[in-house]
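Turn these sequences into a full structure, and let the hints steer you where they fit.
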Amino acid sequence: AQSVAQPEDQVNVAEGNPLTVKCTYSVSGNPYLFWYVQYPNRGLQFLLKYITGDNLVKGSYGFEAEFNKSQTSFHLKKPSALVSDSALYFCAVRVVDRGSTLGRLYFGRGTQLTVWP
Amino acid sequence: KAGVTQTPRYLIKTRGQQVTLSCSPISGHRSVSWYQQTPGQGLQFLFEYFSETQRNKGNFPGRFSGRQFSNSRSEMNVSTLELGDSALYLCASSVLTGTQETQYFGPGTRLLVL
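Chains A and B, in that order, give the protein sequences. Residue -10 is where the first sequence starts when you use our numbering, and the numbers rise one by one after that. Residue 248 is where the second sequence starts when you use our numbering, and the numbers rise one by one after that.
Calculated directly from the structure, the hints in this document are not laboratory data. A portion of the hints provided could be inaccurate.
As the list claims (entries may be wrong) - Once the Cα atoms are required to be at most 30 Å apart in a straight line, the calculated DSS-like pairs of lysine-lysine come out as:
#1 Lys11(A) / Lys304(B)
#2 Lys248(B) / Lys47(A)
#3 Lys58(A) / Lys304(B)
#4 Lys11(A) / Lys47(A)
#5 Lys304(B) / Lys38(A)
#6 Lys248(B) / Lys66(A)
#7 Lys38(A) / Lys248(B)
Note that this is a predicted model, so its numbers are computed, not measured.
Take a look at the structure:
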């Protein structure tokens, strides 16, 4: 079965410090990995994705993520956190379902990031 | 370019009623997917439409249905509402369908069933 795990419900970091939001996945076949961010009462905003190629993916708002195939991880990182980065972050994987030529997004449970001044 | 729009943004219904939610994708996007977000279950896939055809379906009862029109706009219908249907319903669009495509989400419709 396809699954995504975000082992931390909450991450707290001081402004200016680096941040990491963790994500691990379990899929059959090649994973296509995504990070989204959700602000209160808003939909999900796309941050970045990994399809193939460089393991380090750069995305919006200074975020980047590192794909590690051996550890089946896709951690989200930012060198210097901002208070405005405080939000709910979702990792997602899209795989082809058995019997289908298409895929759906499987989401992690989300990690609440709080950046304090 | 305008983003994904969803109407209405908020909705209150009572048990047993039915509801229709609407989604207009980004211009030029032909694939529309629907997701349900609840605190208990997180984000769950409902279905995906492409070129007016349902291409993929999640594990939801038949009370949940949808359709897509020739202009790519999509509607989702929930009949015989239950309290557990209270959720944020998110629509996402992408240019094409396929595993590499990025889905862009709308703001959602928050449904409260009393």
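Now the hints, each set against the structure:
{"no.": "1", "hint": "Lys11(A) / Lys304(B)", "verdict": "holds (29 Å)"}
{"no.": "2", "hint": "Lys248(B) / Lys47(A)", "verdict": "holds (23 Å)"}
{"no.": "3", "hint": "Lys58(A) / Lys304(B)", "verdict": "holds (29 Å)"}
{"no.": "4", "hint": "Lys11(A) / Lys47(A)", "verdict": "holds (16 Å)"}
{"no.": "5", "hint": "Lys304(B) / Lys38(A)", "verdict": "holds (23 Å)"}
{"no.": "6", "hint": "Lys248(B) / Lys66(A)", "verdict": "holds (29 Å)"}
{"no.": "7", "hint": "Lys38(A) / Lys248(B)", "verdict": "holds (21 Å)"}
The earlier numbered hints are all upheld by this structure, with none contradicted.
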